[in-house]
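Visitor: So the chains spell out like this:
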Amino acid sequence: TQLLEQSPQFLSIQEGENLTVYCNSSSVFSSLQWYRQEPGEGPVLLVTVVTGGEVKKLKRLTFQFGDARKDSSLHITAAQPGDTGLYLCALNRDNYGQNFVFGPGTRLSVLP
Amino acid sequence: ETGVTQSPTHLIKTRGQQVTLRCSSQSGHNTVSWYQQALGQGPQFIFQYYREEENGRGNFPPRFSGLQFPNYSSELNVNALELDDSALYLCASSLVGINYGYTFGSGTRLTVV
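Going line by line, the protein sequences match chains A and B. Under my numbering, the first residue of the first sequence carries the number 1, and numbering increases by one thereafter. Under my numbering, the first residue of the second sequence carries the number 1, and numbering increases by one thereafter.
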């Protein structure tokens with residue numbers, strides 16, 4: 001069974017459009033992280049959220065952790081070709097350290 | 001600060017062989033985790049090492065084993081390679097604590113033929 005789901009699986013948009021991708025789980029986790037991965041590279045950490053309902057902004061990216069700490073969304077405003085990549089959410093099953101479960105990712109393509 | 005470095009970058013092995021992958025953690029990090037990422041999928045947790053001891057393991061068989069050294073570098077060993085072991089193997093280092101994220105290396109692409 002899939003512990004963590006991400007949607008959509010694929011997304012192709014034009015430069016300048018807005019988009020939202022989602023991460024959902026049936027279990028509660030201590031923290032959640034979003035990563036972006038480019039081909040041939042390891043994932044790069046974008047944000048960590050710990051508190052239910054928490055919202056964090058990173059330039060044009062807005063991250064929200066659900067109140068029940070089981071889901072999250074990533075919203076990108078005015079997408080640019082440099083935003084292209086695989087967006088992974090990861091939920092931490094450990095209350096003290098790190099034991100992250102990764103979702104399958106959303107593959108985003110922003111066309112110029 | 002130095003990032004996480006992995007070696008080799010690419011490797012081709014024959015089914016049944018053994019392989020050792022290496023990782024140097026980011027300076028100051030005391031925890032190292034290994035993940036397997038099959039093509040088109042998210043990373044799957046193999047195991048984590050903290051203070052040179054295994055500190056958590058995913059759903060991988062015992063032929064996947066590891067080591068962490070006093071300088072926090074690490075090895076992943078896989079015995080009796082199978083075709084399904086073909087994947088990108090990622091090493092990630094971090095500090096302990098739920099507020100800390102991983103710093104990943106670029107990975108080792110293993111192909112088993």
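Just so you know, not all the hints are guaranteed correct.
Straight-line distance between alpha carbons at most 20 Å, and here's what the computed SDA-like set of lysine to any residue pairs gives [to be verified]: (1) A:LYS56 x A:GLY40; (2) A:LYS56 x A:THR77; (3) A:LYS70 x A:SER12; (4) A:LYS57 x B:VAL113; (5) A:LYS56 x B:TYR100; (6) A:LYS56 x B:ASN99; (7) A:LYS70 x A:PRO112; (8) A:LYS56 x B:GLN18; (9) A:LYS56 x A:GLY66; (10) B:LYS13 x B:VAL113; (11) B:LYS13 x B:ALA80; (12) A:LYS70 x A:GLU17; (13) A:LYS56 x A:PRO39; (14) A:LYS57 x B:ASN99; (15) B:LYS13 x B:ILE98; (16) A:LYS56 x A:GLN9; (17) A:LYS59 x A:TYR22; (18) A:LYS56 x A:ALA68; (19) A:LYS59 x A:ASN24; (20) A:LYS70 x B:GLN26; (21) A:LYS57 x A:SER73; (22) A:LYS70 x B:LYS13; (23) A:LYS59 x A:THR84; (24) A:LYS70 x B:ASN77.
Quick caveat, the hints were computed from the structure, so don't treat them as lab data.
Visitor: Compare the structure with the hints numbered earlier in the document and write down the numbers of the violated ones, lowest to highest.
Guide: 1, 3, 4, 7, 8, 12, 13, 15, 16, 19, 20, 22, 24
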